[in-house]
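Peer 1: Here is how the chains run, residue by residue.
There are 4 protein chains.
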Amino acid sequence: MKIYKRKVNYYETDKMGVVHHSNYIRYFEEARTYFLEEIGFPYSKIEQEKIISPVTSVTCQYKKPALYGETLDIEIKLVGLSAVKSTFSYIVKNQNGEINATGQSEHCFLNDKGRIITIKSMPSFKEALDKELEEEN
Amino acid sequence: MKIYKRKVNYYETDKMGVVHHSNYIRYFEEARTYFLEEIGFPYSKIEQEKIISPVTSVTCQYKKPALYGETLDIEIKLVGLSAVKSTFSYIVKNQNGEINATGQSEHCFLNDKGRIITIKSMPSFKEALDKELEEEN
Amino acid sequence: MKIYKRKVNYYETDKMGVVHHSNYIRYFEEARTYFLEEIGFPYSKIEQEKIISPVTSVTCQYKKPALYGETLDIEIKLVGLSAVKSTFSYIVKNQNGEINATGQSEHCFLNDKGRIITIKSMPSFKEALDKELEEEN
Amino acid sequence: MKIYKRKVNYYETDKMGVVHHSNYIRYFEEARTYFLEEIGFPYSKIEQEKIISPVTSVTCQYKKPALYGETLDIEIKLVGLSAVKSTFSYIVKNQNGEINATGQSEHCFLNDKGRIITIKSMPSFKEALDKELEEEN
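Residue numbers (this note's numbering), protein chains in the order written: chain A, 1 to 137; chain B, 1 to 137; chain C, 1 to 137; chain D, 1 to 137.
In isolation and in its complexed conformation, chain A is listed as follows (with noise of 0.2 Å):
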């Protein structure tokens, strides 16, 4: 499990004066970002082999609305991994430790042409996730 801080921005609140549900899908992907630059598979990396791995589903159960001026912390854990398929878990939590929101998202793996790769052509990249899994559970 790795923890991503982020603060809230005003633009991301809306008329309720919360953060706009929307934006929790985009705080997941900073998250994600986070997640691989610490397992060593930064943007850079990950482009330079020609893979890209874009959200196929997308799950946020909103609890507790977020604030701007609040700093978030966002909780991300690899929960699964298949040859075509990995999935990540996400709670995000204000500064009192308050649950905002839950969620969970799915990727798989295509190369430059957009076709579907498996995780086993890139050995590196799985081994790396593979650890991260194994700690987590």
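A hint or two may mislead.
Heads up, the list lumps identical chains together, so a pair's fine if it works in one copy or across two of them.
[Unchecked claim] Computed list of lysine-lysine pairs in DSSO-like fashion (alpha-carbon distance at most 27 Å, straight line):
{"#": "1", "residue 1": "Lys-113", "residue 2": "Lys-93"}
{"#": "2", "residue 1": "Lys-120", "residue 2": "Lys-7"}
{"#": "3", "residue 1": "Lys-131", "residue 2": "Lys-93"}
{"#": "4", "residue 1": "Lys-64", "residue 2": "Lys-126"}
{"#": "5", "residue 1": "Lys-45", "residue 2": "Lys-5"}
{"#": "6", "residue 1": "Lys-93", "residue 2": "Lys-63"}
{"#": "7", "residue 1": "Lys-5", "residue 2": "Lys-15"}
{"#": "8", "residue 1": "Lys-93", "residue 2": "Lys-45"}
These are computed hints drawn from the structure, not numbers from a lab.
Please arrange chains B, C and D on chain A, whose structure you already have, making use of the hints.
Peer 2: The following block gives chains B, C and D in isolation, referenced to the frame of chain A:
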């Protein structure tokens, strides 16, 4: 079922050259606004009754990336209604009838103090939603 | 002058209860897309000619906040055209004819290698823009 | 002058493969939040005094596109202060010191009823801004 038509904007694309996945959550919201207008409950009317109906959960499955310049049909359907929760489903299709994404959202009902209320306290809104639900099924 | 109609979306509001100021820059872009379609140069056609026309500067003056539920008229006009630059002006009005914002944007022309080109290399596009400019003035 | 550091997020890119031009306006806002915190006026404090300071105009000149994965320095400076208006300037630079964009924003002061007020009604805020202005020049 109602169909909300929507052109893809340039600023909604990302460096993969397709609509960024977070924007579908925003398209769903636009489709709900349209749906509520169509059944006689535009935002102004709901606001007068001092009700808000925030999203409590959302899911989205991504099938085929939508592109800039495309015109999307967002099919929206009320698929569930209890005293404290409404559930909508969505199918996003491009101009060729191909499915870009599917999804669901759940919503509760709050008064202007942020307290949860039941839909029974808004009989005319309940009636309109009940009518939609019957027609769907 | 062309008029692009546009409803304000909920997710475009901020905690001040009005459209966030950054979104007007996006409305301007939507209006340009509309303008170019109307003069026979939809994005697909410009893309075929392997031209892009990025924004080199933008200004916006905010007069009266636009609100969720409002339908805006975005008046767009080509106000300048040189070999290497086009200039558009914008007036955003609400349904009561009140001015929400005014602005301007400047654009250069690039080929698909990112090199600056002059509009003379696209005679049909130049002709269409020249015609607009004449009609305006 | 204060420097706000900011990584580019994936969802801020567009199909040209670079940060969408509208996002710089949002980066400017983030930099202002940071600036105000640094001079002792975080949002929470300004809110307590029932003041808001909306944007009345913004300009941005685009020099070199910023890319996903880059870390930007946003240099922010208070360049003007009158009874009813503050003016900030911005320079966005990448990690190589290259200028991505420059800009300016102007702001008025409103009370919680939306009425224009002068900065004299907030002596401590005026003092903090005056001090910044002197140091700059």
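Peer 1: Each hint needs a verdict: does it hold in this structure or not?
Peer 2: Hint check:
1. Lys-113 to Lys-93: between (38 Å within a copy, 23 Å between copies)
2. Lys-120 to Lys-7: neither (37 Å within a copy, 31 Å between copies)
3. Lys-131 to Lys-93: Within one copy only: 25 Å inside a chain, 37 Å across chains, cut-off 27 Å.
4. Lys-64 to Lys-126: between (35 Å within a copy, 26 Å between copies)
5. Lys-45 to Lys-5: both (23 Å within a copy, 22 Å between copies)
6. Lys-93 to Lys-63: within (10 Å within a copy, 30 Å between copies)
7. Lys-5 to Lys-15: Both: 24 Å inside a copy, 22 Å across copies.
8. Lys-93 to Lys-45: between (30 Å within a copy, 23 Å between copies)
Hint compliance for this structure: hint 2 alone is broken.
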